[in-house]
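In order, the protein sequences belong to chains A and B.
FYI, the numbering for the first sequence is 373 to 485, going by this note's numbering.
FYI, the numbering for the second sequence is 645 to 756, going by this note's numbering.
These are calculated hints, taken from the structure and not from any lab test.
Ideal Cβ placement from N, Cα and C applies to all residues, glycine included.
Take the hints with a grain of salt, since some may be wrong.
[Said to hold, decoys possible] Computed from the model, here is a short list of chain B residues facing chain A with C-beta under 8 Å:
| id | residue |
| --- | --- |
| 1 | Val671 |
| 2 | Phe674 |
| 3 | Arg675 |
| 4 | Leu678 |
| 5 | Leu693 |
| 6 | Ser696 |
| 7 | Gly697 |
| 8 | Ala729 |
| 9 | Leu732 |
| 10 | Arg743 |
| 11 | Phe746 |
| 12 | Gly749 |
[Stated by the list, open to error] List time: in silico DSS-like cross-link candidates among lysine-lysine, alpha-carbon distance up to 30 Å:
| id | chain 1 | residue 1 | chain 2 | residue 2 |
| --- | --- | --- | --- | --- |
| 13 | B | Lys685 | A | Lys399 |
| 14 | B | Lys711 | B | Lys701 |
| 15 | A | Lys416 | B | Lys681 |
| 16 | B | Lys712 | B | Lys684 |
| 17 | A | Lys423 | B | Lys701 |
| 18 | B | Lys700 | B | Lys684 |
| 19 | A | Lys443 | B | Lys711 |
| 20 | B | Lys701 | A | Lys443 |
| 21 | B | Lys685 | B | Lys712 |
| 22 | A | Lys423 | A | Lys434 |
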Amino acid sequence: NAGVMQNPRHLVRRRGQEARLRCSPMKGHSHVYWYRQLPEEGLKFMVYLQKENIIDESGMPKERFSAEFPKEGPSILRIQQVVRGDSAAYFCASSPDTAYEQYFGPGTRLTVT
Amino acid sequence: EDKVVQSPLSLVVHEGDTVTLNCSYEVTNFRSLLWYKQEKKAPTFLFMLTSSGIEKKSGRLSSILDKKELFSILNITATQTGDSAVYLCAVEAGFSGSRLTFGEGTQLTVNP
Numbered sequence: 373n374a375g376v377m378q379n380p381r382h383l384v385r386r387r388g389q390e391a392r393l394r395c396s397p398m399k400g401h402s403h404v405y406w407y408r409q410l411p412e413e414g415l416k417f418m419v420y421l422q423k424e425n426i427i428d429e430s431g432m433p434k435e436r437f438s439a440e441f442p443k444e445g446p447s448i449l450r451i452q453q454v455v456r457g458d459s460a461a462y463f464c465a466s467s468p469d470t471a472y473e474q475y476f477g478p479g480t481r482l483t484v485t
Numbered sequence: 645e646d647k648v649v650q651s652p653l654s655l656v657v658h659e660g661d662t663v664t665l666n667c668s669y670e671v672t673n674f675r676s677l678l679w680y681k682q683e684k685k686a687p688t689f690l691f692m693l694t695s696s697g698i699e700k701k702s703g704r705l706s707s708i709l710d711k712k713e714l715f716s717i718l719n720i721t722a723t724q725t726g727d728s729a730v731y732l733c734a735v736e737a738g739f740s741g742s743r744l745t746f747g748e749g750t751q752l753t754v755n756p
C-alpha cells in the first residue's frame with residue numbers, strides 16, 4: 373500500500389510566479405490535510421479537505437493561497453504570485469476518516485528566488 | 645488559541661541512555677494527542693493517545709497521556725543512534741474536522 377505521495381519534491385519559483393503542489397492520499401483515505409513548515413519553525417495547519425469539499429481552511433492565508441481536492445485526481449495546493457516568505461516545506465497528510473491518525477507525505481520544498 | 649509546548653527543545657545523550665520527552669497542551673475540545681518522529685523528511689507516526697493513564701508501547705518507545713494535567717510523555721529506552729530525530733507532539737482538537745496543532749519539537753541527538 374503506497375504511502376502519501378507528493379510532487380514535486382522540490383520546486384523553485386521566481387517571485388510573482390505560481391506554484392502548484394500535488395498530493396495523492398493513501399489508498400482508501402478520503403481526508404487530506406495541508407501543513408506548512410517554515411524554516412526553523414514547527415508544522416502549521418493550513419487546510420483540511422474531503423473529496424470536493426473544503427472542511428476547514430482557517431490556517432490558510434487569506435490571499436494568494438487556494439486548495440482543492442477534486443472527485444478524481446490529487447489534491448492541489450495553489451500559491452499565486454509567490455513571495456520569498458512562501459519558501460517552506462509543504463506537507464500533505466491523509467486519513468481514512470476523522471479520529472484516525474494522519475499519515476504524512478514526504479513534502480514539497482518550495483524555494484522562491 | 646490552541647497551544648502545544650514541548651520540552652526540552654533539544655537533548656543530547658549517549659547510546660544506551662533512557663530519555664523522556666515532554667508535551668503539554670492547552671486546547672479547546674481535546675480529541676487526541678499524537679507523537680511523530682521526523683528525520684529531515686515526512687513525519688512518521690508513532691502513537692495516538694486518547695485516554696488517560698493507558699500506556700502505549702512499541703519496542704523501546706512508550707507514551708502515556710494525562711488528560712487531567714494536560715500533558716504527555718514519550719519515553720525511549722536503550723537509545724540508539726538511529727533514534728536521532730526531531731520528535732513532534734501534536735494535538736487534535738476543535739469542533740470541526742481534524743486539524744493538528746504541533747509543538748516546536750524536541751531535537752534528540754544520540755551519540756555513539
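Hint-by-hint comparison with the structure:
The beta carbon of B:Val671 comes no nearer than 12 Å to any beta carbon in chain A, farther than 8 Å, and the hint placing it at the interface is violated. A hinted interface residue such as B:Phe674 counts as satisfied when its beta carbon comes closer than 8 Å to some beta carbon of chain A; here the least separation is about 12 Å, so the hint is violated. The interface hint given for B:Arg675 is met, as the beta carbon of that residue sits about 7 Å from the closest beta carbon of chain A, less than 8 Å. For B:Leu678, the shortest C-beta to C-beta distance to chain A is roughly 6 Å, which falls under 8 Å, so the interface hint holds.
Because the smallest distance between the Cβ of B:Leu693 and any Cβ of chain A comes to about 11 Å, over 8 Å, the interface hint for this residue is violated. The closest approach between the C-beta of B:Ser696 and any C-beta of chain A is roughly 17 Å, which is over the 8 Å cut-off, so the hint fails. At its closest, the beta carbon of B:Gly697 sits 20 Å from a beta carbon of chain A; the interface hint therefore is violated under the 8 Å criterion. For B:Ala729, the shortest C-beta to C-beta distance to chain A is roughly 14 Å, which exceeds 8 Å, and the interface hint is violated.
A cut of 8 Å between beta carbons decides the hint on B:Leu732: the least distance to chain A is about 7 Å, and the hint holds. For the restraint placing B:Arg743 at the interface with chain A, the shortest Cβ-Cβ distance is roughly 4 Å, inside the 8 Å limit, so the hint holds. The interface hint given for B:Phe746 holds, since its Cβ lies 4 Å from the closest Cβ of chain A, which is under the 8 Å cut-off. Interface restraint check: B:Gly749 against chain A, minimum CB-CB distance 6 Å, threshold 8 Å, status holds.
Our distance criterion of 30 Å between C-alpha atoms is met by B:Lys685 and A:Lys399, whose separation comes to about 21 Å. A hinted pair counts as satisfied when its Cα atoms are at most 30 Å apart, and B:Lys711 with B:Lys701 qualifies at roughly 18 Å. Restraint check for A:Lys416 and B:Lys681: the C-alpha separation of about 16 Å stays at or below 30 Å, so the hint holds. With a C-alpha separation of about 34 Å, the suggested pair B:Lys712 and B:Lys684 falls outside the 30 Å cut-off, and the hint is violated.
Our distance criterion of 30 Å between C-alpha atoms is broken by A:Lys423 and B:Lys701, whose separation comes to about 34 Å. For the proposed pair B:Lys700 and B:Lys684, the alpha carbon gap of about 25 Å is at most 30 Å, so the pair holds. With a C-alpha separation of about 38 Å, the suggested pairing of A:Lys443 with B:Lys711 is violated against the 30 Å cut-off. Distance restraint check for B:Lys701 and A:Lys443: the Cα-Cα separation of roughly 38 Å exceeds the 30 Å cut-off, and the hinted pair is therefore not satisfied.
The suggested pairing of B:Lys685 with B:Lys712 is violated, with an alpha-carbon distance near 33 Å, which exceeds 30 Å. Annotation: proposed proximity of A:Lys423 to A:Lys434 holds, straight-line Cα distance about 22 Å (limit 30 Å).
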